[in-house]
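Using the sequences plus the hints, can you model the full thing?
So in the numbering used here, spot 49 of the sequence shown is number 1505, and the numbers just go up one at a time.
If you anchor each label on the Cβ, the simulated ranges turn out as follows:
{"hint": "1", "residue 1": "His1593", "residue 2": "Gln1512", "range": "36 to 42 Å"}
{"hint": "2", "residue 1": "Ala1499", "residue 2": "Pro1626", "range": "37 to 43 Å"}
{"hint": "3", "residue 1": "Pro1531", "residue 2": "Asn1597", "range": "28 to 34 Å"}
{"hint": "4", "residue 1": "Glu1563", "residue 2": "Asn1597", "range": "19 to 25 Å"}
{"hint": "5", "residue 1": "Arg1470", "residue 2": "Asp1580", "range": "49 to 55 Å"}
{"hint": "6", "residue 1": "Asn1597", "residue 2": "Glu1550", "range": "18 to 24 Å"}
{"hint": "7", "residue 1": "Glu1525", "residue 2": "Gly1562", "range": "25 to 31 Å"}
{"hint": "8", "residue 1": "Arg1470", "residue 2": "Gly1581", "range": "56 to 62 Å"}
{"hint": "9", "residue 1": "Asp1493", "residue 2": "Asn1543", "range": "37 to 43 Å"}
{"hint": "10", "residue 1": "Arg1613", "residue 2": "Glu1550", "range": "26 to 32 Å"}
Hint data in this document are derived by calculation from the structure and do not stem from the laboratory.
We put the beta carbon where it would ideally sit given N, CA and C, even for glycine.
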Amino acid sequence: MSSGSIQHWCWCGRLCTSWCSRCERQWYCSAEHLEADWPRHRAECGALSQSNSSAQVTVQAMMFPVDGERPKLVPITLLEWTPRLQNIVGHESEVSSMIITKGVGGETLRFPLHIFFRTHFLTDGSRTNASVYGLTHGQANYQWKGPVVALKFTGTRQSAYTNISMSDLPPLVYFMTYLNSRP
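Here it is as structure tokens:
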């Protein structure tokens, strides 16, 4: 039985299938055990994340350009896990965001998505976003204008980001098409 891979065991004796999405160092066999251990692990996890949080990190984001037909993957710098989007979307005070936790058909996303856009895109004179318009076939509940950027969380705790990929596009398009609360 030599698989060559490392196996992690939970404190209860069962094989682990997931880990803490913040530090990715503590393993668990179930979400229930993660929640049960969180009061103990929180201090350890916080210390790990604080020691790493001041570092500048770059992840792949998905940008929906105003004048492009398709979204594209672009590097985004994170400083203390805050995305630096000024060069794309605008000044921080003019940027809003929404977190997408449900995918097409209503299933919960294992890695939620975080979408950023101009706060007043409906009224600030921004041009219609051609890539969003094309992907939604012009059927979106809102006429998305200005640049839109999406990032991917490392897990459901929504405490850090990881690289997004084009396979994350369907829930983003679904969200931008059927959004029923005002952005």
